[in-house]
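Heads up: the sequence shown runs through residues 1 to 278, numbered per the working numbering.
Misleading hints may appear alongside valid ones.
What the hints assert, rightly or not - Simulated pairs of lysine-lysine, PhoX-like, Cα-Cα distance not exceeding 25 Å:
hint	residue 1	residue 2
1	K209	K246
2	K136	K105
3	K155	K126
4	K126	K105
5	K105	K214
6	K90	K209
7	K70	K136
8	K70	K255
9	K136	K90
10	K136	K126
11	K218	K255
12	K214	K70
13	K155	K105
14	K255	K136
15	K70	K126
16	K90	K105
Treat the hints as calculated values from the structure; they're not laboratory data.
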Amino acid sequence: VADADADVVFADKHFSEQDHYWWPRRFYRVCDKRPPAPSRMFRNQYDQDVLTWSPQGRIHQVEYAMEAVKQGGAAVGCKNADYVVLATLKRAASELSSSQRKLFKIDDNVGIAISGLTADGTAATKALRGDCITHKFTFESQVDVGRLAARVADKSQINTQRAGSRPSGVGMLIAGIDEQGCHLYQTCPSGNLYNHLAAAIGARSQASKTYLEKNVGKLEGLSLDELVILALRALKEASADPISEKTCSVAVVGKDTPFRLLESDDLSTILEGLAEMD
Numbered sequence: 001v002a003d004a005d006a007d008v009v010f011a012d013k014h015f016s017e018q019d020h021y022w023w024p025r026r027f028y029r030v031c032d033k034r035p036p037a038p039s040r041m042f043r044n045q046y047d048q049d050v051l052t053w054s055p056q057g058r059i060h061q062v063e064y065a066m067e068a069v070k071q072g073g074a075a076v077g078c079k080n081a082d083y084v085v086l087a088t089l090k091r092a093a094s095e096l097s098s099s100q101r102k103l104f105k106i107d108d109n110v111g112i113a114i115s116g117l118t119a120d121g122t123a124a125t126k127a128l129r130g131d132c133i134t135h136k137f138t139f140e141s142q143v144d145v146g147r148l149a150a151r152v153a154d155k156s157q158i159n160t161q162r163a164g165s166r167p168s169g170v171g172m173l174i175a176g177i178d179e180q181g182c183h184l185y186q187t188c189p190s191g192n193l194y195n196h197l198a199a200a201i202g203a204r205s206q207a208s209k210t211y212l213e214k215n216v217g218k219l220e221g222l223s224l225d226e227l228v229i230l231a232l233r234a235l236k237e238a239s240a241d242p243i244s245e246k247t248c249s250v251a252v253v254g255k256d257t258p259f260r261l262l263e264s265d266d267l268s269t270i271l272e273g274l275a276e277m278d
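Could you put together the complete structure from these sequences and hints?
Okay, here's the thing in structure tokens:
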């Protein structure tokens with residue numbers, strides 16, 4: 001039993017300041033001893049939730065979600081004044097399974113390409129379709145593409161500051177046309193929103209970005225077919241294997257052209273012409 005004047009008593013334990021943990025000992029009376037505050041924390045103590053900042057000003061959970069986008073299948077988008085083209089690589093989990101969809105129609109004037117967790121992309125697609133239906137019912141017009149993209153970014157940002165949710169592990173290329181013209185936006189799990197002339201996301205996308213940067217000056221003078229060929233060439237840079245109608249998919253939208261995915265026959269014809277030109 002401790003004396004009345006003892007401030008702190010650790011029974012059957014003795015704290016060693018040298019090695020910072022408890023050693024079993026016989027009874028000791030320790031006065032004015034407190035466990036020292038930890039001098040530093042390791043990185044794994046900063047990535048347990050999305051609310052904890054690291055000393056370097058980083059949120060690791062958000063960075064992990066962005067890494068999931070980088071590991072996903074490559075997606076490429078490019079636009080000019082009249083058309084927007086999206087192209088994606090299709091991946092299959094095994095030789096016995098079919099590939100997962102990466103292109104989705106949202107409305108007649110807008111569609112998306114995704115990279116990252118397909119399930120998160122499917123959930124986001126349903127939410128976007130609901131937003132378009134609500135806007136049509138309320139205002140009797142098609143939603144502005146920029147407003148729709150900003151709504152996606154806002155929802156992604158909310159998930160970066162709520163303890164009960166996690167960042168979405170999907171990145172999007174949003175292609176569409178409205179009264180202001182053609183648009184191509186990129187969203188990411190951090191909530192950032194980018195407006196692009198051309199963009200690439202997903203695995204090995206840096207090679208596609210380099211190709212697009214070299215040819216960005218040619219975009220305005222291209223027809224729809226030529227824009228599709230440029231997008232496929234950029235996508236080819238991100239693929240280790242030759243692309244075919246079974247390993248890629250293409251969607252287009254523009255003036256007098258509602259959002260649609262190219263059929264296998266049309267895509268095969270374009271790829272054959274691309275092979276001849278190369």
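How the hints compare with the structure:
1. K209 x K246: The hint holds at about 23 Å.
2. K136 x K105: Measuring from Cα to Cα gives roughly 16 Å; hence the hint holds.
3. K155 x K126: With a Cα-Cα distance of about 13 Å, the restraint between K155 and K126 holds, given a limit of 25 Å.
4. K126 x K105: Judged against 25 Å, a Cα distance of about 10 Å means the pair holds.
5. K105 x K214: The hint is violated at about 29 Å.
6. K90 x K209: 19 Å, holds
7. K70 x K136: Outside the cut-off at roughly 34 Å; violated.
8. K70 x K255: 32 Å, violated
9. K136 x K90: Violated, at about 32 Å.
10. K136 x K126: 15 Å, holds
11. K218 x K255: 19 Å, holds
12. K214 x K70: 22 Å, holds
13. K155 x K105: 20 Å, holds
14. K255 x K136: 20 Å, holds
15. K70 x K126: Given pair K70, K126 holds - Cα atoms ~23 Å apart, limit 25 Å.
16. K90 x K105: Holds. K90 to K105 sits at ~16 Å (cutoff 25 Å).
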